[in-house]
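There are 2 protein chains.
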Amino acid sequence: MAKALLLICDGLGDRPIADLGGKTPLEVAAKPNLDRLATEGECGIMDPIAPGVRAGSDTSHLAILGYDPYTYYTGRGPFEAAGIGMDVKEGDVAFRCNFTTVDDQMVVLDRRAGRITTGTDQLAEAVNGMVIDGVEVIFKESVAHRGALILRAKGLGSEITDTDPHHEDAKVLECQPIDPNDAASAKTAKVVNEFVKRSYEILKQHPVNVERAAEGLRPANVILPRGAGIGPKLRTFEEEHSLKATCVAETGLINGVARYVGMTIVEVPGATGGTDSNLINMAKVIVEQLQSADFVLCNVKGADVGGHDGSPDIKLSMVAKLDEMMGYLLENLPKDTFMVLTADHSTPCSLKDHSGDPVPIVFWGDGVRTDSCRHFDERSVTIGGVNRIRGIDVMKILTQLMNVAEKFGA
Amino acid sequence: MAKALLLICDGLGDRPIADLGGKTPLEVAAKPNLDRLATEGECGIMDPIAPGVRAGSDTSHLAILGYDPYTYYTGRGPFEAAGIGMDVKEGDVAFRCNFTTVDDQMVVLDRRAGRITTGTDQLAEAVNGMVIDGVEVIFKESVAHRGALILRAKGLGSEITDTDPHHEDAKVLECQPIDPNDAASAKTAKVVNEFVKRSYEILKQHPVNVERAAEGLRPANVILPRGAGIGPKLRTFEEEHSLKATCVAETGLINGVARYVGMTIVEVPGATGGTDSNLINMAKVIVEQLQSADFVLCNVKGADVGGHDGSPDIKLSMVAKLDEMMGYLLENLPKDTFMVLTADHSTPCSLKDHSGDPVPIVFWGDGVRTDSCRHFDERSVTIGGVNRIRGIDVMKILTQLMNVAEKFGA
Chain A
3 MAKALLLICD GLGDRPIADL GGKTPLEVAA KPNLDRLATE GECGIMDPIA PGVRAGSDTS
63 HLAILGYDPY TYYTGRGPFE AAGIGMDVKE GDVAFRCNFT TVDDQMVVLD RRAGRITTGT
123 DQLAEAVNGM VIDGVEVIFK ESVAHRGALI LRAKGLGSEI TDTDPHHEDA KVLECQPIDP
183 NDAASAKTAK VVNEFVKRSY EILKQHPVNV ERAAEGLRPA NVILPRGAGI GPKLRTFEEE
243 HSLKATCVAE TGLINGVARY VGMTIVEVPG ATGGTDSNLI NMAKVIVEQL QSADFVLCNV
303 KGADVGGHDG SPDIKLSMVA KLDEMMGYLL ENLPKDTFMV LTADHSTPCS LKDHSGDPVP
363 IVFWGDGVRT DSCRHFDERS VTIGGVNRIR GIDVMKILTQ LMNVAEKFGA
Chain B
3 MAKALLLICD GLGDRPIADL GGKTPLEVAA KPNLDRLATE GECGIMDPIA PGVRAGSDTS
63 HLAILGYDPY TYYTGRGPFE AAGIGMDVKE GDVAFRCNFT TVDDQMVVLD RRAGRITTGT
123 DQLAEAVNGM VIDGVEVIFK ESVAHRGALI LRAKGLGSEI TDTDPHHEDA KVLECQPIDP
183 NDAASAKTAK VVNEFVKRSY EILKQHPVNV ERAAEGLRPA NVILPRGAGI GPKLRTFEEE
243 HSLKATCVAE TGLINGVARY VGMTIVEVPG ATGGTDSNLI NMAKVIVEQL QSADFVLCNV
303 KGADVGGHDG SPDIKLSMVA KLDEMMGYLL ENLPKDTFMV LTADHSTPCS LKDHSGDPVP
363 IVFWGDGVRT DSCRHFDERS VTIGGVNRIR GIDVMKILTQ LMNVAEKFGA
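Chains as they are written, first to last, in our numbering: chain A, 3 to 412; chain B, 3 to 412.
Accuracy of the hints is not assured; some may be wrong.
Which copy? The list can't say, so a pair holds if one copy fits it or any two copies do.
Straight-line Cα separation of at most 25 Å, DSS-like style, residue types lysine-lysine; simulated pairs [said to hold, decoys possible]:
#1 LYS142 x LYS199
#2 LYS192 x LYS156
#3 LYS142 x LYS235
#4 LYS25 x LYS398
#5 LYS337 x LYS25
#6 LYS156 x LYS235
#7 LYS354 x LYS398
#8 LYS337 x LYS354
#9 LYS235 x LYS246
#10 LYS409 x LYS354
#11 LYS337 x LYS286
No wet-lab data here; the hints were simulated from the structure.
Everything numeric in this text was worked out from a predicted model, so none of it was measured.
For reference, chain A alone in the conformation it holds in the complex (with noise of 0.2 Å):
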């Protein structure tokens, strides 16, 4: 059977930058591999969610996996948590976290505790497992002072308010259901404000803290929740497209998402999400990983790191450390593999966040309609034979390329 690796470059796509002549990274780059891909394959552009819609990794990983975002995206929390390694079961209601400093008024302090670095795993034992009002709570910590939270009950909802208020020197927030005839909501609020409380009692005695006190570090006495989502119910990627797959990632959101759908999710050495990641060492993965499975997600975070940074310079540093990872992956992928090279969103490094601009694809493999566009770049593919799709079309293009797609009708 044919295999297939869908490349996603984060945050890749960008906008004329003046210092370019005018010109984007990719428009500026050599790079000979990617070039060849586009040569050899066939070229449009992507509209991750749809035309001019700025979409987040998540929203825009699930709909390239063939997953409407607008159907099956209740909030970041979710994928966050799964991300982590925890196990999201439909129908949880999960959070993204902080570790936060308050004082006794539980007014903000620090909403990063001091960007805690250690001793968070103790902080997370301490609170994890507890059940109030018996909706059974599980915790676990992230990098940094980050962690997630999922509660764990039939009939909560998820439409409620944050607790974080998002900036310094404010009070904690009461959570409240947005709509206050939504009872399964507001249980959540009432058990998340119970949460945050006790998390403070049992937090602000905790050894880690009195240490960090010792040390003139501020405490991570409070866990503060947002992001709300309820874990949605999913079809696994092997039962939606018929394809054992693997995910080779270097963020928690992107291995969030893949674990969500069922897939397996490895972890590469010396691959660490920032410009310095093993790119190669990533390849080797992917080759390795095509030997048993049907196909491989792979998600190389740097270029959004550029572009949130405004630097050119990284995008183009990344540029090329992409085009060098092709090209191992071109001498070493097992025959027959399919290959979908795009990106996830644009991060333009004017905008240091993401945009709603299309991001170039291009579709590699036997059968494949090739076109007259020789370059890898937001431009040059819109004379490709694919012209504009959306993320969502991705998944039935490839897979009927690999002759694993159902036919509809007769």
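Dock chain B against chain A, hints included.
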């Protein structure tokens, strides 16, 4: 008033073929008349259903005629039955059927009853018209071992399993509702099982089968229904588009779709559905019909046969015949006739089945925004002004060109 011809070349789209120098049959064929249409018209690519979706001929024609198949396509049965002239009504449950040979333990010996060619009209008559549990049973033979069944009563469901085990030496399957709590479908399943049983009792001793046995032929001693679908409620084509329409097609499936939406069906002498079909006769009938009809749907089957056979040669010869047909049409169509030339799906020779690749489309007629595209083939049209559209868009574009479309808003 303007008139229009929608000419659908079944399965015409293809993929690059190594033996044709990496080109498609359409790309290598000489086709001056099809290219003239592309030159004088506005070109683009079309996804019959949506990008990447592998369309059937029935679902594709529904979409192109303006009926969303995700809403209206309930299964193959209703359109198969309509295609052989049966009057399928809203709420009927219709099936495709095979005359089959079974032993007295209902084990399938030959799914096609020795590819029976004669006498099925008498066998059909013997089972037609019975009433089971208050459900009216209508059965009609089609070509060879095929037939169609309609169950008519209020409150029947169509979410049921097939009785045909789809291979020999297996026992006839019991029809069951997919959801055991679906009472409407459970009722249908019960009637189907009784129909299969009675068909065996009636047919095993039928004179046609006695005679077949005497000649050493397999008896057609049971009827196995499959592909259940409930007759959808469809507005007629005339209600939908304000156009009096005629269908000139070669296959039951397309005639079935056309009849279902109330088109007049015209049979053409010499139109065989094969590569020997007389396309000039079809063109003559089209011209004749456009004297009275506003709109003609024409489907020419041959190219699809070439694709399913994996034969670029058959496709090439069909392109030549289609070009000759187009020559006749360009000479003889009434003035003020608009034309849409397209395919219902790609049937790549390399795949021998329908693919999800888009197909070329041309809109031709007065007022069209002509473009720089000069050739009617899969890749040339991608530079055209139409860009990439979907089947469901076609009638909207055509009727506004014809100036018979309603304005939405003020």
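Evaluated hints:
Proximity of LYS142 and LYS199 under a CA criterion of 25 Å is satisfied intra-copy only: 17 Å inside one chain copy versus 61 Å between copies. Taking CA atoms no more than 25 Å apart as the test, LYS192 paired with LYS156 passes inside one copy only; the shortest distance there is 15 Å, against 38 Å between copies. Proximity of LYS142 to LYS235 under the C-alpha cut-off of 25 Å is restricted to the intra-copy arrangement: shortest distance 22 Å within a copy versus 44 Å between copies. In this assembly of identical chains, the alpha carbons of LYS25 and LYS398 lie at most 25 Å apart only when taken from different copies (24 Å versus 32 Å within one copy).
Taking the shortest Cα distances, LYS337 and LYS25 sit within 25 Å of each other only across copies (22 Å), while inside one copy they are farther apart (35 Å). In this assembly of identical chains, LYS156 and LYS235 lie within 25 Å of each other by CA distance solely inside one copy; the values are 14 Å within and 35 Å between copies. For a Cα distance limit of 25 Å, the shortest separation of LYS354 from LYS398 across copies, 19 Å, qualifies, whereas the shortest one inside one copy, 32 Å, does not. Taking the closest pair of Cα atoms, LYS337 and LYS354 come within 25 Å of each other only across two copies (22 Å); inside a single copy the shortest separation is 39 Å, beyond that limit.
For the identical chains of this complex, LYS235 and LYS246 are intra-copy neighbours only, at 19 Å inside a copy versus 39 Å across copies, given an alpha-carbon limit of 25 Å. Taking the shortest alpha-carbon separations for LYS409 and LYS354, only the inter-copy value of 13 Å comes in at or below 25 Å, while the best intra-copy value is 43 Å. For the homomeric pair LYS337 and LYS286, the shortest alpha-carbon distance inside one copy (15 Å) is at most 25 Å, but the shortest distance between copies (51 Å) is not.
In summary, the structure agrees with every hint in the numbered list given earlier.
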